[in-house]
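A.B. asks: Now for the letters of each chain:
4 protein chains.
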Amino acid sequence: MVDETDSYAKKAIQSDLPLHKLVKLIDGLDENSVSKIRARILEMRMNVDLSSVKELGSKMNFAKIVGKNIENPVGGVSLPVGVAGPILIHGSVADGSVYLPLATTEGALVASTNRGASATTASGGITTSIIKDEMTRAPVFKVSSVGKALALRRWVAENLSLIKEAAAATTKHGQLQSADCYIVGTNVFVRLSFTTGEAMGMNMVTIASERVAQLIEENTDAKLVALSGNMCSDKKAAYINSILGRGKSVSAEALIDSKVLKEVLKVSSSDVVEVNIRKNMLGSSFAGSLSQNAHYANIIAASFIAMGQDAAQVVESSQGYTFVEDRNGKLYFSVTLPSLEVGVVGGGTSLAPQRELMGLTGVYRCQEGKRAKWLAEVIAAGVLCGELSLLCALASNQLASSHKKLGRAQ
Amino acid sequence: MVDETDSYAKKAIQSDLPLHKLVKLIDGLDENSVSKIRARILEMRMNVDLSSVKELGSKMNFAKIVGKNIENPVGGVSLPVGVAGPILIHGSVADGSVYLPLATTEGALVASTNRGASATTASGGITTSIIKDEMTRAPVFKVSSVGKALALRRWVAENLSLIKEAAAATTKHGQLQSADCYIVGTNVFVRLSFTTGEAMGMNMVTIASERVAQLIEENTDAKLVALSGNMCSDKKAAYINSILGRGKSVSAEALIDSKVLKEVLKVSSSDVVEVNIRKNMLGSSFAGSLSQNAHYANIIAASFIAMGQDAAQVVESSQGYTFVEDRNGKLYFSVTLPSLEVGVVGGGTSLAPQRELMGLTGVYRCQEGKRAKWLAEVIAAGVLCGELSLLCALASNQLASSHKKLGRAQ
Amino acid sequence: MVDETDSYAKKAIQSDLPLHKLVKLIDGLDENSVSKIRARILEMRMNVDLSSVKELGSKMNFAKIVGKNIENPVGGVSLPVGVAGPILIHGSVADGSVYLPLATTEGALVASTNRGASATTASGGITTSIIKDEMTRAPVFKVSSVGKALALRRWVAENLSLIKEAAAATTKHGQLQSADCYIVGTNVFVRLSFTTGEAMGMNMVTIASERVAQLIEENTDAKLVALSGNMCSDKKAAYINSILGRGKSVSAEALIDSKVLKEVLKVSSSDVVEVNIRKNMLGSSFAGSLSQNAHYANIIAASFIAMGQDAAQVVESSQGYTFVEDRNGKLYFSVTLPSLEVGVVGGGTSLAPQRELMGLTGVYRCQEGKRAKWLAEVIAAGVLCGELSLLCALASNQLASSHKKLGRAQ
Amino acid sequence: MVDETDSYAKKAIQSDLPLHKLVKLIDGLDENSVSKIRARILEMRMNVDLSSVKELGSKMNFAKIVGKNIENPVGGVSLPVGVAGPILIHGSVADGSVYLPLATTEGALVASTNRGASATTASGGITTSIIKDEMTRAPVFKVSSVGKALALRRWVAENLSLIKEAAAATTKHGQLQSADCYIVGTNVFVRLSFTTGEAMGMNMVTIASERVAQLIEENTDAKLVALSGNMCSDKKAAYINSILGRGKSVSAEALIDSKVLKEVLKVSSSDVVEVNIRKNMLGSSFAGSLSQNAHYANIIAASFIAMGQDAAQVVESSQGYTFVEDRNGKLYFSVTLPSLEVGVVGGGTSLAPQRELMGLTGVYRCQEGKRAKWLAEVIAAGVLCGELSLLCALASNQLASSHKKLGRAQ
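Residue numbers (the numbering used here), protein chains in the order written: chain H, 1 to 410; chain A, 411 to 820; chain Z, 821 to 1230; chain U, 1231 to 1640.
Incorrect hints may have been included.
Said to hold, decoys possible - Derived list of chain U stretches under chain Z, where covered just means 3 residues or more per stretch with a C-beta under 8 Å from a C-beta of chain Z:
#, segment
1, 1298-1306
2, 1356-1366
3, 1454-1462
4, 1505-1512
5, 1535-1544
Stated by the list, open to error - Below 27 Å or equal to it, Euclidean Cα-Cα: the simulated DSSO-like pairs (lysine-lysine) are:
#, chain 1, residue 1, chain 2, residue 2
6, H, Lys-142, A, Lys-474
7, U, Lys-1489, A, Lys-542
8, Z, Lys-1086, U, Lys-1298
9, U, Lys-1372, A, Lys-552
10, Z, Lys-962, Z, Lys-1043
11, H, Lys-132, Z, Lys-984
12, A, Lys-676, H, Lys-21
13, Z, Lys-888, U, Lys-1496
14, Z, Lys-844, U, Lys-1560
15, U, Lys-1289, Z, Lys-879
16, A, Lys-740, Z, Lys-1150
17, Z, Lys-884, U, Lys-1289
18, A, Lys-740, U, Lys-1378
19, Z, Lys-962, U, Lys-1298
20, Z, Lys-952, H, Lys-142
21, Z, Lys-952, H, Lys-223
22, H, Lys-148, Z, Lys-952
23, A, Lys-552, H, Lys-266
24, U, Lys-1372, A, Lys-740
25, A, Lys-633, H, Lys-330
By construction, these hints were calculated from the structure, which means they are not laboratory data. Think of the CB as a built atom: it goes at the ideal place given N, C-alpha and C, for glycine as much as any other residue.
In isolation and in its complexed conformation, chain H is listed as follows (with noise of 0.2 Å):
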């Protein structure tokens, strides 16, 4: 096979056949075949050496995720994944004792929040709630005066119903729930909020919202800019997301104890809240940061990848608020994340060792229905873990000699 390769490889290279249409070579090709001729072209041309990537790919079902999770498929990627934990929730739906499992190469990152699942768990676990759950895509209309636009917007609002039905139609997992029209100049930005099911959800909003934009538009004068009008707002940073919400608004929470703080993370409780002040509230407002806290991505990103999610939405899913207090000598500490997008279906968690992974965290054993808000109560959990434990390490200055010993950046 090794010399097929080649030579096929070898073929594409003389034709200049693009590397997309290497299924073209030959029939009957298989896409994992494929995948090898193309990972043999680019060794050829760049000069490289791929084996490890093409290895790693031999064991993938290309003809099963090509077109719907990758496409032109070169091989694969692996990175090394630690868990923390035993992390214990009490949950609005997630309970009981579970793990978090962390994709990173970043040194001290899974240390450091399993040293927070350790205090946590020492004092009594980590409540954790959803305050709101709806997924959003905001389509852009134009149209020739405000005039119009404040007609469009009466016509959303009194076509509600008929705009649900539309959107129905295309998905039984996603409910509209609402349809928000602002409105600069000629332009209208529709935001469509959706209830998701177990997915994300932001391909079955993007489908749902096509079909209502194409009712806005066979029934009103407004035309169509873009699917996506940016105010949603996906893979980006936006205080509209904080504000409205995104995926999931969801907070956790933990009364660390005075004894955990001294032992566990030799800090004394006020210095966590100075830190917590002078870093996260300060700081972070002068830097025109558009939340308030020190490390969610890190959290945020390994737990992603890890679990299949969007690693692209680790951009709005790591805004969020650390809000401490000082409880006599205890600990309050909480962290609220505005706009988590997680799913359970969809993605990459369809992939094996991502949905093994998923495992760990319990949402297995949770009724179906609700895996979605589980999942996204114990990354929530993970990132208070992992949050808390950097700002003890800041408030007893540790960060860089963790940093010397275990080669973490935070």
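With chain H held as given, fit chains A, Z and U onto it using these hints.
C.D. replies: Just chains A, Z and U, lined up with the frame of chain H:
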């Protein structure tokens, strides 16, 4: 071995040994064996199957990476990798025909980016530039009054060479360029900017900053509150990153032929200009988003994961501005990324598949010392390809239909 | 009387009587006499001459306004008032030919706004629209946990009619429309939105909110921390004001004739489009500015001062978006102000010159009940005139030369 | 004269003479007569009475101020002025016991600020500091490519002395300090920073910037798009003003005695700390507000109007951070205003009442050359007084009741 793993796992469960202390189970256990036992314990506790995760872990050398890249490992996770390219680049450093590897599970992303690569290459290629190159860390100090804050600022200004020496003593790769003091009440944020050679540099900068902080504490009345005061600003979206830059400030630009627009991208130049104005420029501002683009995060996240970069830095690395012009029917298309944080050494870049994939960008044909810049320019060019393709898809109203076919959200 | 003023002043100085207790100097002193004594004291203490200030004060009836509009008066200050107009308006409320009074000391501002008035009137006038009309106040409560925060939110949702009654008991002009809870950790911001009749309404809303806050404290575990929790957001620039609106959300738009552009404004349509894109849309975002305009604040400030509005509310009232289009050589020009806070009763509107100047906008020919909206539309039209004129001046490079002639900065 | 005014007014109406051309009615008309005719025309057209406005105008010398401060005058408007003080200041420039004049129509504002003055004076006074002092203007240029943008940046760096000379040729009061280039695609924002002596300086800076822009156009391929590119950022709320400063960056701080807190302000130190954290620090961020304070704008607006400053600059001058600490029952209270734009010459400072009122701050006992800084420090001290008083009122729950008594909204 399976049997032994099982028995060790049971033993650990019985003795309630924490996961991060499994190495103590028995003398001479190597890290890979420990990771299997850890995974087995979790399988038992959570009633899950981690076979794919463990298999991926078995290809890793945990002895080498535990502490440096990961802790508490249970195995690995893999993502499929597709390539976009060839991308033709005329850069200040990067040059020639290259490929961008993208690790993602979001259908259509690679295909879309690849379409942008074809369109730009057919139009003569992409020009890339490095605008600035500095990594920052901003410890926050507390003082007793603004007078003391001003005194600290004076001390820093007058002792800059001393401070540079202190920083230099911790690293031979990074060089302190400047130390700027930002004052609010009794808080002084000392923003330290470094060149970092071939590394993204967050680690070396943190360690150097710790030494600088000690020097400041020894010589002034200031007390360090936190080694990072959030004016860095790492892993948070912040205006300071756009205004002052962080990591690589980089741009990519191309002039798309009218024929390519019409035949490949199915749009006119003015359609794209309109989408950029109404969606990226207006919609972003109205949403309270801190820059102006459609989906830089998609390309940044997928290329970061493929090439061993820090996925949590997708947050600020995806800040940026798409600026386009109609030039007599041709489309001038540019992306500017003020805070793209990448390196070719450190972090996950030493893992085999990541290193192999980095080779696809041609970075190893670049002389040492300029490779991090090369990588930044290639990623910026890839961002241009992805952004161009999506804006054109929106302009020609293909977004939802490509989702339906390929299942990807933007 | 001068002699007496002097002797009272000396007496007060000798007895070290605070300025706000001068009324105690002798029985039967009226407020105007007190203000003269106060001014005299200050003349002596600070070795200054306040004769113009005192003279302006002598025309005021301090007995009527002390406590209501001012305390510790020493006299008055005056500003010159110029007018821009006629401005031809076709509004949802405002209608016909009106004038905008501008109290300013910045040369060129009135002339420039007037030029915009001429240009729009020559092009058929300005269309204005009210997009939304609600005044807000958001007290912040503290609770012991997120669970309690959710309970508070539930209580508010379930008792909205009770809350409305409580608010209604404090005012017959304002009506509570909605009460939205925003939760971060143990903080709940209850954002109360009211219609406020002919008043700007901040006072009535604050008093109503106090009653609502008491009701909440009586019926839940929540404790009021501050009657304003900064999510209102009053007298601060904030995205929430743009996204959700505050006071009047209002727009103005006009289609400028090609001939007017060329002969009056000395520009082409495309020049203005370019300035708007590069300066207002891109420059604003890059600067971390939260909306997109050139100088709404100039017209807002000058008209607010002329007509007795709250000058501190210039901050958020000047948030807004300039959106323009080239329409075959004509220029579509729009301004959208999401949070313009104005009223025709209350505040400084009862002072004679302010009330007289308000008459120039034609507001008194409007039926009662719609006058605040009328005023908002006229101011928005004036903002359009000023913004149009400045963008055209910049496009034709006249800014500095008009400064040199007229001495005004934008 | 009344008769003549009437007949001229009628004549102008009949001949449809524009308001700004009334001087052409008859030879030898002085500006004050013209203003009366203009007012009379408006009285007739709009069926209103402008007698108070005209009377205020009759005290003004329009010959002197038309073109410099106003155009199209119809008279004047006056506001009552109250004073807060004495305020005891220990500043880097300002010193001793001073008063702050406040022109406002918002009841309770002066009384509240005065309460803060009493509390701080009773606690030993307020310390003020100048952190930075530079006025900026940032023209935006367009170029054909990023390469050209970088060339422009190089040219500016290499020709800074030439640029300084060009700027110097336009003013003897302002000195160019730096010229920083910010690049996005084909846009270059050249941010020019100047010292401006005793003036706020926007005018001199604009004129100097025009000359610099010409120089740049003559020597490079760049084309000026707009003399202000919104990265200045004048009269707009923007993070760049906080991060880099604009005008005076100034702070004020005080340590409030426990006894004063208890007896005068009716609060404990920890109550105020809590209000600051939950309202100013958290609420502001959650609302998308770009700094952290309660109502700086109130004091800034009222003092700006009283003392002839540019009221439109209240927008960015009121950006700032309130930072407080509990110090063993005493309250450390600080305000930091990064972009307070004030001057003692130019603008409205030459009008008699404004100039008289400025004297209350003691500015004329300061040596020439340092007066603008003195004024900035006094205003900052006044902001502290107002902010302290309001936060204490909120903490002790007096806000709405003081409104009911005095009728003021915060």
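A.B. asks: So which of the earlier hints does this model not fit?
C.D. replies: 2, 6, 7, 9, 14, 19
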